[in-house]
Amino acid sequence: MIKLDSKIPGGNISEKWANHKFNMKLVNPANKRKYTVIVVGTGLAGASAAASLGELGFNVLAFTFHDSARRAHSIAAQGGINAAKNYQNDGDSIFRLFYDTVKGGDFRAREANVYRLAEVSGNIIDQCVAQGVPFAREYGGMLDNRSFGGAQVSRTFYARGQTGQQLLLGAVSALNRQIDKGTVKLFTRREMLDVVLIDGVANGIICRNLLTGEIEKYAAHAVCLATGGYSNVFFLSTNAMNCNTTAIWRTHKRGAYFGNPCFTQIHPTCLPLHDDSQSKLTLMSESLRNDGRVWVSRKKNDLRSPIEIPEEERDYYLERKYPSFGNLSPRDISSRAAKEVCDEGRGIKGGEAVYLDFADAINRLGKKVIEERYGNLFEIYETITGENPYKVPMMIYPAPHYTMGGLWVDYNLMSTIPGLFVLGEANFSDHGANRLGASALMQGLADGYFVIPYTLSNYIASAKPAAVTTDHPEFKKVSKEVTDLTNKLLSIKGKRTVDDFHKQLGRIMWKKVGMARYEKGLKEAVGEIRNLKEEFWKNVTIPGSGNDVNQTLERAGRLVDYFELGELMAMDALNRNESCGGHFREEYQFEDGEAKRDDENYSYVAAWEYLGENKWNLHKEVLEFEYVKPAIRSYK
Amino acid sequence: MNVKKLNLKLKIWRQKNRNSDGSFINYNVQVSPDASFLEMLDEINNGLEATDQEAIHFESDCREGICGTCGLVINGRPHGPLSKIATCQLHMRNFNDGETIWVEPFRAKAFPVIKDLIVDRSGFDQILQTGGYVSVNTGGTPDANLIPIAKDTASLSMDAASCIGCGACVAACKNASAMLFVSAKISQYALLPQGQPERYRRVERMVKVMDDLGFGSCTNTYACEAECPKGISITNIARMNRDFIVSRIKKQDAESDVIK
Ligand SMILES: Cc1cc2nc3c(=O)[nH]c(=O)nc-3n(C[C@H](O)[C@H](O)[C@H](O)COP(=O)(O)OP(=O)(O)OC[C@H]3O[C@@H](n4cnc5c(N)ncnc54)[C@H](O)[C@@H]3O)c2cc1C
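For the protein sequence lines, the chains are F and B, in the order given. Residues in the first sequence are numbered from 1 upward in steps of one, following the numbering used here. Residues in the second sequence are numbered from 1 upward in steps of one, following the numbering used here.
In isolation and in its complexed conformation, chain F is listed as follows:
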């Protein structure tokens, strides 16, 4: 059994990273070329890491299941990226961004990591501008900022509603430059299906070539996973169709602990479900809440159209309950408030949706200003729903969006498997129980550009991992296991489709491991998921072969891992007898419905060790708060 050591450096929080950087060992420039590093994923975290490691001189092998590095899900981020530049002179600072992030995460994140994130945030913006990222600017030529997702300072940098796209294209351009120079070799259309450990150390991966079906082996001195989040365990989420948990889940099964799996963020401003055929939920940028007002009718099952509901019969429930933050209250709070009013029967026409209304803003600022700010979002809305939000209020409802949980990593971003690093949304590290808007992009790029180049070099310089080749018997063994799994899936030849199973899993997760959880429901979920998994292994149908492009097979492999992860999410939620951030247990709330955290008993990271089917061992990393004292997170 491994003892959890977070490896937080000593000293004052503002000096930890600087001291640590100095104390870490460096690899001799002449030797770097001899070391091979695998980076799986080319989103913000993976592309920035692969490019930066390539620049340092390592021999980098980068992998993505997409046809191009640029397709990673980071591309879809709309709103923006935070940085403590204080360009607006409105009181921002590294400490304030640190403070906001720890508080926003409901005191379930590691202080030292969060501080470092805030500390390097400014450099990210410098880096991106130097790469030619066309951020929004003011007339004077300076960078523009906005306030985002509950922040009281304007620290969010953006590029129209396409910030993720521009940041990713920037990181991918850095990656392309290294490919051009020959330091990075990129393998597209490769799905990592397992990790190879030799004497307990990460030394390579096994991939399926998605074009030929071939199972391929790759050896390296260290492996970085930057494979994104797992919200698609709910089937319906704001994540791209192909986002999945396979890379981190299979690594978990080989020994990497999974941190806080139940911490899921349900985003308040998504388009409501239209019917069963729906494949995903679309996020409407949260920036809309800067000017839109959220409301429902005061009456239950009110069938009137919104225009017919007079002002005095409307309940602007966020403004009413949280007067100082109002419509900009944090995501978890806003989402739960929407669920509450809908559960009361006051959702739109009694259903699961609330209004986001721009009428006041249009009256106050004029249509032109609103169009300038949100024109493209309004267009997106109209394309999807066929309704014009300049005239009728938008309809929104919360949807699974981001997973704070992920593989447990220490301060160096190394998992419990030596030589295996985890970056970006795939790790559990910086957001605690709830992530603030515009902080995921920041974390992905912080990990990739500014943390991993140091900590991975230090690992190589101090652990001096041995050179291995794919001839090692362990590679043969693991690749055979992967092949066997594929063959097993193809041989079931049952009656139910992969999506049919996934949708059912999603419904269990959403109902019982979603926005509001309770003991009985969670226990039921564990049982239901196990039964569904059992049925899957007997009754799924996967047409086509393993030696060809086979998208059904790809989806089936991912679903296999979702069943197991879903179960662990339920167990983790069951273990955590408190409400915090995105994790709300109905048993633990104050009279007014606010979340009741239990710092005495649950101020820890739950790190789960896999012991075999349906069996896990819980390890606790106790969290110490020296700089931000835990308080009730009040947004009233």
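Source of the hints: derived by calculation from the structure; they are not laboratory data. As the structure is a prediction and not an experimental result, all values here were calculated from the model. Misleading hints may appear alongside valid ones.
Taking lysine-lysine pairs in the DSSO-like style, the calculated list, with each CA pair at most 27 Å apart, reads [to be verified]:
(1) B:Lys84 / B:Lys109
(2) F:Lys480 / F:Lys217
(3) B:Lys250 / F:Lys391
(4) F:Lys367 / B:Lys16
(5) F:Lys32 / F:Lys464
(6) B:Lys84 / F:Lys368
(7) F:Lys181 / F:Lys299
(8) F:Lys503 / B:Lys174
(9) F:Lys299 / F:Lys253
(10) F:Lys349 / F:Lys321
(11) F:Lys185 / B:Lys151
(12) F:Lys480 / F:Lys620
(13) F:Lys488 / B:Lys151
(14) F:Lys620 / F:Lys34
(15) F:Lys503 / B:Lys4
(16) B:Lys5 / B:Lys84
(17) F:Lys368 / B:Lys151
(18) F:Lys253 / F:Lys620
(19) F:Lys185 / B:Lys251
(20) F:Lys181 / B:Lys84
(21) F:Lys34 / F:Lys299
(22) F:Lys7 / F:Lys368
(23) F:Lys349 / B:Lys250
(24) B:Lys250 / F:Lys181
(25) B:Lys84 / F:Lys349
(26) F:Lys16 / F:Lys620
(27) F:Lys391 / B:Lys151
(28) F:Lys493 / B:Lys109
(29) B:Lys9 / F:Lys367
(30) B:Lys208 / F:Lys495
(31) F:Lys181 / B:Lys9
(32) F:Lys7 / F:Lys32
(33) F:Lys533 / F:Lys477
Got chain F; can you put chain B with the ligand on it based on the hints?
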């Protein structure tokens, strides 16, 4: 939302692999007008899989029109009948009950079909991997506000940078030219101060790979701009052509300098 379903006749291109011949196969469907085009294909696939038939292979990911993964030719038009959207943003309410719809992959010499509706667009990346960047290492960059950039300039650069790399421009062009795609990247950098040092070297290298990969040339039909889901303007092509000519002149000058 209980709305009447549409009855449609689909003729979808099926092709086993790169080397085999493909053909249109008929599918009759009933679909909700609120469903997206790709959700309709999901539903067909679910039915096919349930009866042990191979799914119609097509690519998509974000389903929000930004990742550039999807791309179908629908009734002869890349990304379908509406302008300025990607295939994933097309909803069935834009079709009529009883209509016949033709669905094909993007077609171009430089985009070989992989299977059914999936094509290989890796040529685009090869172009970007040959100079399509600003050479700057991680760290050591100046403060982001050091160089002011006029709002309009940043905005023009952003217009060009909005390209999602879907390839509709190539599919729309009778010459299968990639000029709109390449010029968008060239322009994004050419407009910004950060892009200046490598401006001419960049255009020279990128254009060369573009030609080598078998993309055709531009004959000003404007089809690319018309089908571009992000409305990228063909003025970018003019800018690229100008920069390309300047790059040639600069090269000649440099060569004649050597002779002197
Ligand atoms: C709609 C939407 C809007 C958002 N808006 C914002 C915002 O405004 N601000 C903000 O800060 N955050 C936002 N987020 C969150 C943020 O975009 C993500 O958390 C972040 O981009 C994740 O980056 P990443 O690099 O960790 O992973 P990703 O970008 O998801 O990349 C994952 C990579 O891993 C690869 N991969 C995964 N598994 C495998 C495998 N098994 N084998 C090979 N390759 C694999 C994929 O191909 C991909 O390249 C948003 C998220 C969504 C869904």
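Status of the hints after comparison with the structure:
For the hint pairing B:Lys84 with B:Lys109, the CA-to-CA distance comes to about 24 Å; that is within 27 Å, so the pair holds. Among the hinted pairs, F:Lys480 with F:Lys217 is consistent with the structure: their alpha-carbon atoms are about 11 Å apart, no more than 27 Å. Taking the CA atoms of B:Lys250 and F:Lys391, the gap is about 55 Å. The hint is violated against a cut of 27 Å. The hinted pair formed by F:Lys367 and B:Lys16 fails the criterion: a straight-line CA distance of about 51 Å is larger than 27 Å.
Our distance criterion of 27 Å between C-alpha atoms is met by F:Lys32 and F:Lys464, whose separation comes to about 12 Å. Our distance criterion of 27 Å between C-alpha atoms is met by B:Lys84 and F:Lys368, whose separation comes to about 21 Å. As the CA atoms of F:Lys181 and F:Lys299 are separated by approximately 65 Å, the hinted pair breaks the 27 Å bound. Straight-line distance between C-alpha atoms of F:Lys503 and B:Lys174 comes to about 42 Å, which puts the hinted pair past the 27 Å bound.
This hinted pair does not check out: F:Lys299 and F:Lys253 have alpha carbons roughly 50 Å apart, beyond 27 Å. With a C-alpha separation of about 22 Å, the suggested pairing of F:Lys349 with F:Lys321 holds against the 27 Å cut-off. Pair hint F:Lys185 plus B:Lys151 does not hold up; C-alpha atoms about 37 Å apart against a cutoff of 27 Å. Restraint check: the Cα-Cα separation between F:Lys480 and F:Lys620 comes to about 34 Å, which exceeds 27 Å; the hinted pair is violated.
For the hint linking F:Lys488 to B:Lys151, the alpha-carbon distance of about 58 Å lies beyond 27 Å, and the restraint is violated. For the hint pairing F:Lys620 with F:Lys34, the CA-to-CA distance comes to about 37 Å; that exceeds 27 Å, so the pair is violated. With a CA separation close to 24 Å, the supplied pair F:Lys503 and B:Lys4 stays within the 27 Å bound. Proposed proximity of B:Lys5 and B:Lys84 is supported: the alpha carbons are some 26 Å apart, at most 27 Å.
As the CA atoms of F:Lys368 and B:Lys151 are separated by approximately 18 Å, the hinted pair is consistent with the 27 Å bound. With a C-alpha separation of about 18 Å, the suggested pair F:Lys253 and F:Lys620 falls inside the 27 Å cut-off, and the hint holds. Distance check on the hinted pair: F:Lys185 and B:Lys251 sit about 31 Å apart at the alpha-carbon level, beyond 27 Å; violated. For the given pair, F:Lys181 sits about 36 Å from B:Lys84 by alpha-carbon distance, which is inconsistent with the 27 Å threshold.
With a C-alpha separation of about 70 Å, the suggested pairing of F:Lys34 with F:Lys299 is violated against the 27 Å cut-off. With a C-alpha separation of about 53 Å, the suggested pair F:Lys7 and F:Lys368 falls outside the 27 Å cut-off, and the hint is violated. Only pairs whose Cα atoms come within 27 Å are accepted, and F:Lys349 paired with B:Lys250 is rejected, the gap being roughly 68 Å. As the CA atoms of B:Lys250 and F:Lys181 are separated by approximately 24 Å, the hinted pair is consistent with the 27 Å bound.
At most 27 Å may separate the alpha-carbon atoms for a hinted pair to count; B:Lys84 and F:Lys349 exceed this at roughly 33 Å. Taking the CA atoms of F:Lys16 and F:Lys620, the gap is about 23 Å. The hint holds against a cut of 27 Å. Of the supplied pair hints, the one linking F:Lys391 and B:Lys151 is violated, its CA atoms being roughly 30 Å apart against a limit of 27 Å. The suggested pairing of F:Lys493 with B:Lys109 is violated, with an alpha-carbon distance near 38 Å, which exceeds 27 Å.
For a cut-off of 27 Å, the pair hint linking B:Lys9 to F:Lys367 is broken: about 42 Å separates their Cα positions. A distance of roughly 52 Å separates the Cα atoms of B:Lys208 and F:Lys495; the hinted pair therefore is violated under the 27 Å criterion. With a C-alpha separation of about 50 Å, the suggested pair F:Lys181 and B:Lys9 falls outside the 27 Å cut-off, and the hint is violated. Pair hint F:Lys7 plus F:Lys32 holds up; C-alpha atoms about 25 Å apart against a cutoff of 27 Å.
The straight-line distance between the Cα atoms of F:Lys533 and F:Lys477 is roughly 25 Å, inside the 27 Å bound, and the hint therefore holds.
Comparing the model with each numbered hint stated earlier shows that hints 3, 4, 7, 8, 9, 11, 12, 13, 14, 19, 20, 21, 22, 23, 25, 27, 28, 29, 30 and 31 do not hold.
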